[in-house]
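Numbering (this note's numbering), first residue to last: 2 to 533.
No lab work stands behind these hints: they were computed from the structure.
For each residue, glycine too, the CB sits at the ideal point set by N, CA and C.
Do not rely on the hints blindly, as some may be mistaken.
[To be verified] With beta-carbon atoms standing in for the labels, derived distance ranges: (1) N467 to F300: 45 to 51 Å; (2) D298 to G469: 50 to 56 Å; (3) L364 to T111: 24 to 30 Å.
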Amino acid sequence: MVRVSATSRYSHYLLIIIIALLVSLISIAFMSSSIVYGTTQGAVLAVDMEVEPNDFRISDMGPDGNTGFGVSSPAVAYNTRSHEYLVTWSGDDQTRDAVEIRGQRINADTGQEMGTNDFQISQVRANIDPEFRAFTSDIVYNPTADEYLVVWAAYDLLSPEPTPGGIYGQRLDANTGAAIGTDDFRIDQPITTPGYLDTLPSIAYNSTADEYLVVWESDLREDDNPSEIVGQRLTSAGEPVGENLAITTMMPYGLDIAYHPVANEFLVVWAGNDDTKGLEIFAQRLDAATGAEVGDDDFRISDMGFDLDLNFVVSDPAIAYNDTRQEFLVVWSGGLDDADINYEIYGQRLSAGGEELGDDDFLISTIGSESQLYTANEPTIVYNPIDEEYLVTWAVDTYFGTMDAEEYEIYGQRLDGVSGAEVGDDDFRISDMGPDDNSAYQPYSPAIGYSSKNNTYLVAWSGDDNTGPLVNNEFEIFGQRLVGQQTLPPTATPTATSTPPPTTIPPTATPTPTPDLPPIEPSRSFLPLIIR
């Protein structure tokens, strides 16, 4: 028989007590982690980027419940001084078909409207032509002057014969939205040729010289070329600097522009049909000080298909400047013009000199399926320097039929600012137009702004909804605020906890007298328990 001493028995009891305490502490820690962070064991923490209210209404065009009034083409700019957004759009309000550019100031902290409701920015019917309408606005904030510059195209859309139109602008006080300077000043050079049309303006601010560059689709040379891209430099007061700039003779299918403050250059991007390369995404660098072209002429960015392969289609490019790495990211909609292939959103990183960086034409959206011809289109993009990532948003549509499991909505994707790799949820849904599983309601033309003060975004779009007094086909401007990752709740990683070492051991029943227990050695004290 093996003889067990009293000291061995006490050591055995002590070990059992220690193990029991450890098990209890671990169980409590996991339970606390689940309670505090809203997770259960084995669950992954999912955080919704949306900030209430959901899909809040921005515009109020015409009487509620009346589908005779509408909106289109919103744009968003962020005011870094007053910490607010300005949203602009094209719409008719009190008078049907009196389509003007209107705006609404939005508090970046709360999403609440500020100032005059749906204030009118353009005056094309009064100042230009009573038959003209204003469309496709773009907007930029000037922090030096603390004002906005809004640009748009104006023409007679309802005339049986195309009439000459133009590109116009309006300066606005950033604190009130009040007009500054000349109303509806002309930016392009007037041409009286029948059928001449300037449209799709895009604007960027040159912080080095405190001036702007506006680019648009035009027919400047009055030749056989159906369309091309033209630009005009403007002072901060809206005065022209030099003549109109001929940037490319390609016919564009969407264009955008961004400014690189370190290189003091603009980069203009567009979808164009080249005689030797087919329909692809192209770009042109411009010296911001002179407007002169820099580097290769009309250099190609995308490689969506073989040269001159007309089965591949691209459109709607958008560009953002990454001021952390001093590079660009260009995104666009593209795919095969085939019933078995869907249109998706693609991207390409570019250096300041226009060299391609990283993966070629990397895929961003994955909306499509084999059973439906989905199209992801109208992408827009903004860079977030706090999280060092991009946010890309787009609209989903179909060429025919209805969607099976998804709805026509606005979607988004976060991208790493270093590599362009996807971050977070794949193709997360932003809008909720109409009832679920009802494709009769649809959003269009997303626009996006970013607030560096509280690391939040504002996504705006035109769409029809069934909330409140609204009815189907009554289009208004809606918005959704999203929060950046640095301001999200912490992940499920509780802080370290510690348990003080026990000072006494409860007495253990024994039939025989026992000596006093030896003190617990320091090496046997409990160390802080860290749950990872």
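Hints, one by one, checked against the model:
| no. | hint | verdict |
| --- | --- | --- |
| 1 | N467 to F300: 45 to 51 Å | 47 Å, holds |
| 2 | D298 to G469: 50 to 56 Å | 53 Å, holds |
| 3 | L364 to T111: 24 to 30 Å | 36 Å, violated |
Comparing the model with each numbered hint stated earlier shows that hint 3 is the single one that does not hold.
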